[in-house]
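Engineer: Given next are the chains, with one letter for each unit.
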Amino acid sequence: MKLLGRDIDGRALLRAARERLEARGIREEAVAVDDGPEPVLEPLSFLVRSLEENEDATVGLPIATHRTGLGRSVVVAKWLFRRTCQLFINEALGRQRLFNGQVRDLSAQLAAEVIRLRARVEALEAEKAARGRVPRLPRPRSRTGKTRR
Amino acid sequence: MAVHQLVPHFRIGDATAQAAVHFRALVRRLGHWGGLYSISQEPGTEALVQPVQALRVRPDDLVLLHHAIGSRLAAHLLHLPCRRGVVFHNLSPVRFYRGTSLEPLLLAGRAQLSGMAPHVALGIGVSEFNSAELRRAGYANVHTVPLYVEPERFGPDRADRAMTARLSSGAFTLVSVSRVVPHKRFEDLLALHREVLRVRPDARLLVVGGVDRLFPAVRALEAEAARTPGVTLLGRVSHGELVAVYRSGSVFVSMSEHEGFGVPLLEAMASELPVLAYAAAAVPETLGGAGVGFDEKRFALLAEVALRLGTDGVLREKVLAGQRRRLGALGPSHSEERLGAALESVGVRRPPRTRVRRRRPRVGVVVQRYGPEITGGAEAHAAQVVERLLPHWDIRVLTSCATDHLTWANALPPGESRVGEVPVLRFPNPRPRPMHALNALSRQLFGRSLDRAEEENWMALQGPLLPGLWRHLEEHGTDYDGFVDFTYLYVSTAWSVPLVGDRTLLVPTAHEDEALAFDAYAEVFERPRALLVNTEEELELIDRRFPHHARARVVGVGVDPPEVRPERFRTRFDLSGDYLLYVGRVERGKGIPELLAAYARLRTTLADAPALVLAGETSMDAGGEGVRVLGHIGEQEKWDGLAGALAAVVPSPKESLSLLALEAFGVGTPVLGNAASAVVLGHLQRSRAGLAFRDAAGFVAGVERVRRERTAMARAARRHAARYGWARVVDAYREEMDAMLRAG
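Line by line, the protein sequences are chains X and W. The working numbering puts the first residue of the first sequence at 415, with every later residue one more than the last. The working numbering puts the first residue of the second sequence at 54, with every later residue one more than the last.
Quick caveat, the hints were computed from the structure, so don't treat them as lab data. We put the CB at the ideal spot given by N, CA and C, even for glycine. It is possible that some hints are incorrect.
What the simulated footprint calls covered on chain W by chain X, stretch by stretch (three residues with Cβ under 8 Å from a Cβ of chain X suffice, anywhere in the stretch; the number is not a length) [said to hold, decoys possible]:
1) 149-157
2) 263-271
3) 341-352
4) 360-371
Make the full structure from the sequences, and use the hints.
Structural biologist: Laid out in structure tokens, this is it:
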């Protein structure tokens, strides 16, 4: 363990603290801390996955409440409501479920296309950088099938 | 080019809301204006923050999204047809929130962060730690603009007295300020506190911040805290209470395992409390070598270190000295410089000033209302100054469309017009002032120590809100050689001064007022080129309140009475016998209820009591035996009326000049003034042309004495008024403007 700070003698401060602990007969281990960096999320893929996870509007979110004491009975009320009314929830949200599925498929299709096109653009830009000039597109052809000059 | 800001949810006291308010203050100092917008907001902040649907942008505007959680504002930002940027406050690590309702929002926030990267011109990290994350997420143009605190708001004088008394104890006290949520590691605070208890059984742990009971682990910890001796969860507290908690502590402790910046670390430093913090994420950067950081959690060892830090006077003073240095380095000026560089990188810069020598300087006069129908003191003062300076300057009055000072309702058409010979440019106020809400907020805030967001919220509610004026100053400010701004109190001036500060002469018209205690007004007094004050008393007041104010000069106004015919006034209003005259707004804040009470006493004391005549815009029930309420009267009628009065009455306890007293002196009429006003008292003591009263008995005695000594008092009044000539006043304004133009 290190103590950090410009205005302290960290080692001396720590040594003195350790000596006092030893005098009290205490030895301790450091608590493990997981402090790795959070991953960067690719937004298109993430959102498509989220759509898949949340497409079924008839499935409730985890039941929770910030209330305390008697207020926590709302958790039971919510659970009871779901148990007894799921049939009607399914009925009311049937079309929403269908619609969400279609949005999911559409988004997946579009996201895949965007990812493919991005990769293609990157490849073309890399090719351009390597050649030092713009890749030439095929010349448009005239209606007679002859190449235009 | 405005710089607007988006905040998903605006609540005073929240870190992102505070940051947005601080950023806006910096944006103004950098010469730009901009609004705050949110999806949802705390009730009562509607004047300060508008719904995001109300945001209208121009292509060269910049919109900054404060990003700290997934929100639909990310999608909204991407489709705004202007320049876009993200202010990244960081997101809590998902690993602490698996399986909770926060997990999808945090994941969405992370995805949105990288999703916005290709579509924004600017990424701002509030710490280098956050900036590094922005770069990893694909942001190309990244700048670091650290958050800051205003140290004066954490002084011992700002601590709430009741909370200080409640917490006063000789016990060793650990203080922690953060919401009780999983990644802040409240359990580690408890573990540390238990170790401290082994050595100091009377030790305390004070925790400020909301407890998020949505998380089962937090609920369990709350129960555990209740069982642990010496632990107090204070929940959300007011700013004054927060300062009291900091100042009641021995050591500030942070066990948090993720901080995007860590504002409480700076708050503790400002409150002269040694900091002991786990060196997670941006914490080492924010500490910058100050305080004491640690890289492992060994609670028994840390308890010994905390005890030493809190009780060893020499060590404590060394640490506090380092913290003061760090606080100085991370001040508003530093953030202003960094934000300026960030804005400049996307082409948001002040328009260049072209220095043209003109025969007549082009001057903008900023005042909250302007027009012949306006009877307010500061507005009449501004109008008189404008008319006298018109032969010397190329003046344009920049003002609201309001005639009613209570609602600021748009009564006059916006745009260019003329009042007599004076060109006027009017800007509409998008939101009438709800007086009941302002009064309620004033009762709630006055006399308490506040943070900047609370003060700016009050100022916005006070109004008048003139976004058109601020955009005009930003875009066309350089077309003017200088500005003269009237009345510090209203945002028409308070938020204009920072935009064009060094080219402004401010006529503050300051008097003892609760709002003058707001630190947010400091820059209004500190940034102008010079202050032109009305009286020595006003200057003393400003010296006391804002010791670093700009150079100030006592200028006042001139009094040049026209030819008067008192009988004309008597005939017009059917008055016979003696009368006392008040001219001005007939409203509670002007001391009218107290005057009516004193007058009622006079009626019972004197059989031949003079009548009481009240003239001016009337917004209260001011009837009573012997009282005449005339409503608005003309300029000549005012002079005729004053000349014929037994005495003029100045009942207001808050005056910065008391034009009424000077005008009464000008026509040889004595004055009965409220002794609570230092300015009125000063006039009366210097002139010997009237009497000051403190209560009804004093008022009655004053009337009797004025009756006996009116002739002598009238002579003294004229002598005193002779000192106030317009030529001297006009010279003073011209000298100050010329000096400003020469300085460039």
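Engineer: Which numbered hints turn out to be false for this structure?
Structural biologist: When the structure is compared with the hints, none of them turns out to be violated.
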